[in-house]
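J.: Following the hints, complete the assembly by docking chain L onto the known chain D.
Sequences listed follow chains D and L, in order. Under the numbering used here, the residue at position 156 of the first sequence is numbered 156, and the numbers go up by one with no gaps. Under the numbering used here, the residue at position 18 of the second sequence is numbered 18, and the numbers go up by one with no gaps.
Everything labelled a hint here was simulated from the structure, so no lab data went into it. Among the clues, some could well be false.
[What the hints assert, rightly or not] Here are the in silico distance ranges between beta carbons for each label pair:
1. L/M76 - D/L132: 37 to 45 Å
2. D/P32 - L/E89: 52 to 60 Å
3. D/E77 - L/P111: 34 to 42 Å
4. L/A53 - D/A33: 22 to 30 Å
5. L/T109 - D/L31: 54 to 62 Å
Glycine included, each C-beta is placed from N, C-alpha and C at the ideal position.
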Amino acid sequence: MLELSMHILDIAQNSLAAGSTRVEIRIQEDLPADFLVIEVRDNGRGISGAMLPKVTDPFVTSRTTREVGLGLPLLKEAAERCEGCVEVRSEEGRGTTVVARFRLDHFDRAPLGDMGETMGILISANPDVDFLYEHRVDQRIYIMETREMRQVLGSIGLDDPSVLDFVRQDIRMGLKKIGAATFPKIMEVLR
Amino acid sequence: MIKKTQIFQAGDHKMKLKELAGRLNWELKTRNVPIEAEVKTGYASDLLSDVLANSIEGDLWVTRQTHLNIVAIAVMRDLSGILISSGAEPDPDTLEKAGEKMVPIFRTTLPTFEVVGRLYQLGITGER
Chain D
1 MLELSMHILD
11 IAQNSLAAGS
21 TRVEIRIQED
31 LPADFLVIEV
41 RDNGRGISGA
51 MLPKVTDPFV
61 TSRTTREVGL
71 GLPLLKEAAE
81 RCEGCVEVRS
91 EEGRGTTVVA
101 RFRLDHFDRA
111 PLGDMGETMG
121 ILISANPDVD
131 FLYEHRVDQR
141 IYIMETREMR
151 QVLGSIGLDD
161 PSVLDFVRQD
171 IRMGLKKIGA
181 ATFPKIMEVL
191 R
Chain L
1 MIKKTQIFQA
11 GDHKMKLKEL
21 AGRLNWELKT
31 RNVPIEAEVK
41 TGYASDLLSD
51 VLANSIEGDL
61 WVTRQTHLNI
71 VAIAVMRDLS
81 GILISSGAEP
91 DPDTLEKAGE
101 KMVPIFRTTL
111 PTFEVVGRLY
121 QLGITGER
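Just chain D, same shape as in the assembly (with noise of 0.2 Å):
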């Protein structure tokens, strides 16, 4: 995949397969330590302890499986080709916590891309799912809480057209104000 964003719709589409509720996303930008961290929580049906060490296996495609697809392989193949690693925690019957971890200033490591757009998706497929954005560059914090907008919006649905766009514009300003490195900068080494 060719942005971070897919990966995360990928992962958070099997939080709802999973039946989850709630699903939290978090991104975590730590500069000084050059790592990006991404989690994906969720209070779906977990994964079986048997299944749980086949999950990132791209050949585990059994019906029992099924929710899992091609997701977590890929996504544990592009934090791995930039120095860093996927971990997959579950209790069965309590959720599942994907959290994947790369090198932030890896020249491979995929760009952010439009994740006003992925939030976007997600809501207007799942109005009902609480959802929670946030992402961390250092001390800057940008979240979005889908439960704190549906008490403002009362009885005007997440996926309503205007509240979408709303949402999908909202994110992406927000990145941009607290700096949020869309892709690795290798520019800098030609300076």
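T.: Same frame as chain D, now just chain L:
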């Protein structure tokens, strides 16, 4: 319909970027960047570290990547230009930096495999 092109004989003649772009119908995305350079070889990859390690000076680089870093790679390796495949659009930042660093960027709607095949027919090889 693709017209059958004569298979290139080594040493026939060199093609300028400008000619390649005209013959293969690419869109030139950069402005005020010369496209007179002669191209003999090319490299195709979407992995930036791979291009950095394996491209050679003067290569035309075919890639689906669109972000700013492709310009950095082209400058570091002294590539003759970048061809973005599959109809992807380069980011505005990418074009701005390409203009500044004099790296020509083209765009084709064809996927990498197809456009590389056509380049090969026109005599551009992947020889290292």
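J.: Now look at each hint and say whether the structure bears it out.
T.: Going through the hints against the structure:
1. L/M76 - D/L132: 37 to 45 Å: holds, 40 Å
2. D/P32 - L/E89: 52 to 60 Å: violated, 34 Å
3. D/E77 - L/P111: 34 to 42 Å: With Cβ atoms ~21 Å apart, the hint is violated.
4. L/A53 - D/A33: 22 to 30 Å: 26 Å Cβ-Cβ, so the 22 to 30 Å window holds.
5. L/T109 - D/L31: 54 to 62 Å: Violated, at about 38 Å.
Figure legend: structure checked against the earlier numbered hints; hints not met, in rising order: 2, 3, 5.
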